[in-house]
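Number of protein chains: 2
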Amino acid sequence: MLISVAEAEKIIARHARSWGTEQVPLEQSWGCILREDLRADRDFPPFDRVTMDGIAIRFERFAAGQRRFPVAGVQAAGAAPLPLADPAHCLEVMTGAMLPEGADTVIRYEDLRLENGEAEILVEGIHFRQNLHFQGMDRRQGELLVPAGRQIAAPEIATAATIGKSSLLVARRPRIAIVSTGDELVGVGETPLPHQIRRSNAYALQAMLAEKFQLAGHLFHFADDKLQIADGLRDILARFDLVVLSGAVSAGKFDFVPEVLDELGVEKCFHQVAQRPGKPFWFGHFQQQAVVFALPGNPVSTFLCAWRYLVPFLRQSMGQEEQAPLLAVLSEDVVFKPPLSYFLPVKLSTTPTGIRLATPVPGHGSGDLANLNDADGFLELPKGQDVYPAGTAFPLIPYR
Amino acid sequence: MLISVAEAEKIIARHARSWGTEQVPLEQSWGCILREDLRADRDFPPFDRVTMDGIAIRFERFAAGQRRFPVAGVQAAGAAPLPLADPAHCLEVMTGAMLPEGADTVIRYEDLRLENGEAEILVEGIHFRQNLHFQGMDRRQGELLVPAGRQIAAPEIATAATIGKSSLLVARRPRIAIVSTGDELVGVGETPLPHQIRRSNAYALQAMLAEKFQLAGHLFHFADDKLQIADGLRDILARFDLVVLSGAVSAGKFDFVPEVLDELGVEKCFHQVAQRPGKPFWFGHFQQQAVVFALPGNPVSTFLCAWRYLVPFLRQSMGQEEQAPLLAVLSEDVVFKPPLSYFLPVKLSTTPTGIRLATPVPGHGSGDLANLNDADGFLELPKGQDVYPAGTAFPLIPYR
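Protein sequence lines correspond, in order, to chains A and B. Read in order, the letters of the first sequence correspond to residues 3 to 402 in my numbering. Read in order, the letters of the second sequence correspond to residues 3 to 402 in my numbering.
Keep in mind that the hints were calculated from the coordinates and are not lab data. All values reported here derive from a predicted model rather than from experimental measurement. A couple of the hints might just be wrong.
Any copy will do: because identical chains look the same in the list, a pair fits if it lies in one copy or spans two.
[What the hints assert, rightly or not] Cut-off 25 Å, straight-line C-alpha distance, at most; resulting in silico cross-link-like pairs (SDA-like, lysine to any residue):
| id | residue 1 | residue 2 |
| --- | --- | --- |
| 1 | Lys385 | Val188 |
| 2 | Lys12 | Leu359 |
| 3 | Lys167 | His366 |
| 4 | Lys228 | Gly267 |
| 5 | Lys12 | Leu84 |
| 6 | Lys255 | Arg174 |
| 7 | Lys385 | Val76 |
| 8 | Lys255 | Thr23 |
| 9 | Lys228 | Lys349 |
| 10 | Lys214 | Gln30 |
| 11 | Lys270 | His129 |
| 12 | Lys349 | Pro364 |
| 13 | Lys214 | Ser351 |
| 14 | Lys214 | Arg241 |
| 15 | Lys214 | Lys349 |
| 16 | Lys214 | Gln325 |
| 17 | Lys255 | Ile13 |
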């Protein structure tokens, strides 16, 4: 009944699904997953490009001993190209300009004296074709610049702008419902009674999806009332691609979520994973329509399960390219004896030798929300050992 | 005239300034810099909280040998507390519920048999006060949960929700103008002539500010026309807190930016830094009003300077807490002889022993925009050596 973290991950991966694609304006596309290849619309650079302000000459004249070149004109960036008609002359050229036809070498102003319409070259170390960025040197027309599957960041946006894409084809972002349950929870604007607390998990989930993928999550809350949960979820399952619940999945008398999901026709894939925190995690799907992550309601459990399972599921569903696994090294021995994978909150730093170090911030377990503020991620300590020795590298889930 | 990277950094830091504060709705606050301390509004947890579904008993009865406890009622999460009136009885209790008065120990359902209104304890290893998360165990009322200066992420949002903050005081985000210049640049929607290219730097800067801090940058473009640049910048300097220019700061005949800034009364702090790429970087300020970063227009130069100088400036200005320095280890020897700091594009990975490894993706210099897509950051190789040996750790500027 209790499955391993790896098994849970595998089952969830089988339910990854595409939600199609959408066009988004270039300026708003960061964080989205690109669903088209970006290819060079022409050579990069598109012409033999001057990379220093100075003069353009024909190198053979320099090699033959000529040092003074009458200036025949100025070639600005963005101007149609001038020819260097007389190879004994030079043209002033600006960074970003096209190399004038007939010239092949650029000498920067710092190495010149310009006087009376003549440029005198003051240095000897001039190389044929220097200070030029030749057409097609970086990429050839048609060549792949960014593959589909990339999460879009600033370099990809600059690249897309360069090839003339004012909108990009990205993975359609799923409609996500974030559902908290629990009679003990009141709204942020309310004053809780002594036995109540305010809702917080739904906000954490919403923020995480927004900052990670620019995804919008719609918030719902239901009391521990079977009928209310059933009515609410029936409606949600029909309208959303992804339903993330928090709470009411454990063994309690008012933990109606698994039962209600079953009655509504949501097929259970698993319930309970051999891990701490987050053991009561429930996962299922509703026909071909909605996928349901029912996360344990303790704040650290919700948060960890979302990072460990929901984020990879979203990546796969939206077609993001494989991520290199991250590892960090334990700074001290950790003892953990239950036969469970242990997700340890850690603070990250770098040692002077470049090792990513993880210092435990263990706190007081799955209810200790405040502890998450002091940590940067979770280290995944696999089940099957009692002592996790200092100096060993383990998989890392950073959340900042 | 040529100053070092460290000097440039120091001068810029002296011009860091607060732009005041603003209230933002909790849901939109991620990425902003918190400008108030978040303190516990009551104890965390606010009551002795049950952490397992099961029964609550008085431990002394168990210790005295009692194993069967009549169930006197159910204590749900979110319900006002019931008392355990008779210490020979038990109450069913749910995760998140308040511990009933008179009870002190919780036994989970898995360790019980419940039959005919009686709970029989099936295991012997019961500990006094087990399965409880005691009032104030995590944090005491008034205790600091999140210090001002934190960049807000999901844990801080959950914490703020818990203490009843539906909006947060954050650093006011500066009004930012992003100004590109250059006759060779046409719009994204236009078809460039053979000697033209499309604008891209402004989009990269805008995306970077948005994904990093949720900052909005307003885009402007001016041709290489002194009057146009002067008129445009005069207006911009009066309306914006921060002006980021790209291009026209080098030694070219049409590099009007330094001259125009001077004429408009912008005081130059430095021009040119001993680094590659980005050497022509110009920095100044306009009275007490606007700070001006005039970045070299080559795409890699603009991008590197923004990450290396603009991001730390924004962090300091908005009062973000100190960041632990990041280091990565070179995977191979790199030779670079000019007396300049060299910012090397690198691809990041983790070795099996947890070392953050940086593999050079050197590309073709400051014009090679496409190269940025294949890298994850820059390694800062300090000036003063010719060979940077494999296995050495250097400061890292990651941009993903």
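**OP:** At 25 Å max between alpha carbons, let me know whether Lys385 reaches Val76 within a copy, between copies, both or neither.
**Re:** Neither, since 71 Å and 35 Å both go past 25 Å.
Original post:
Is it within, between, both or neither when you check Lys12 against Leu84 at 25 Å Cα-Cα?
Top reply: neither (63 Å within a copy, 44 Å between copies)
**OP:** Indicate which option fits the pair Lys228, Gly267 if close means a Cα-Cα distance not exceeding 25 Å: within, between, both or neither.
**Re:** Result: close within a single copy only, 15 Å intra versus 69 Å inter.
Subject >> Intra- versus inter-subunit Cα pairing at 25 Å for Lys385 with Val188 >> reply: So Lys385 and Val188 fail the 25 Å test inside a copy (36 Å) and across (58 Å) alike.
Original post:
How would you classify Lys214 and Gln30 at a CA-CA limit of 25 Å: within, between, both, or neither?
Top reply: both (14 Å within a copy, 14 Å between copies)
Original post:
Under a CA distance limit of 25 Å, which applies to Lys255 and Thr23: within one copy, between copies, both, or neither?
Top reply: This pair counts as neither: shortest intra-copy Cα distance 42 Å, inter-copy 47 Å.
**OP:** Up to 25 Å between alpha-carbons, please classify Lys167 paired with His366: within, between, both or neither.
**Re:** Between copies only: 24 Å across chains, 50 Å inside a chain, cut-off 25 Å.
**OP:** Please work out whether the CA atoms of Lys270 and His129 approach to 25 Å or closer within one copy, between two copies, in both situations, or in neither?
**Re:** This pair counts as neither: shortest intra-copy Cα distance 70 Å, inter-copy 35 Å.
**OP:** First find the shortest C-alpha distance between Lys214 and Gln325 inside one copy, then the shortest across copies, and answer within, between, both or neither for a cut-off of 25 Å.
**Re:** both (14 Å within a copy, 20 Å between copies)
**OP:** Give the relationship of Lys255 and Arg174 under a CA distance limit of 25 Å: within one copy only, between copies only, both, or neither.
**Re:** neither (39 Å within a copy, 47 Å between copies)
**OP:** Using 25 Å as the alpha carbon limit, work out where Lys349 and Pro364 are close: within a copy, between copies, both or neither.
**Re:** within (10 Å within a copy, 32 Å between copies)
Original post:
Using 25 Å as the alpha-carbon threshold, which applies to Lys214 and Ser351: within, between, both, or neither?
Top reply: both (22 Å within a copy, 20 Å between copies)
Hints 1, 2, 5, 6, 7, 8, 9, 11 and 17 from the list above are not met by this structure, while the remaining hints are.
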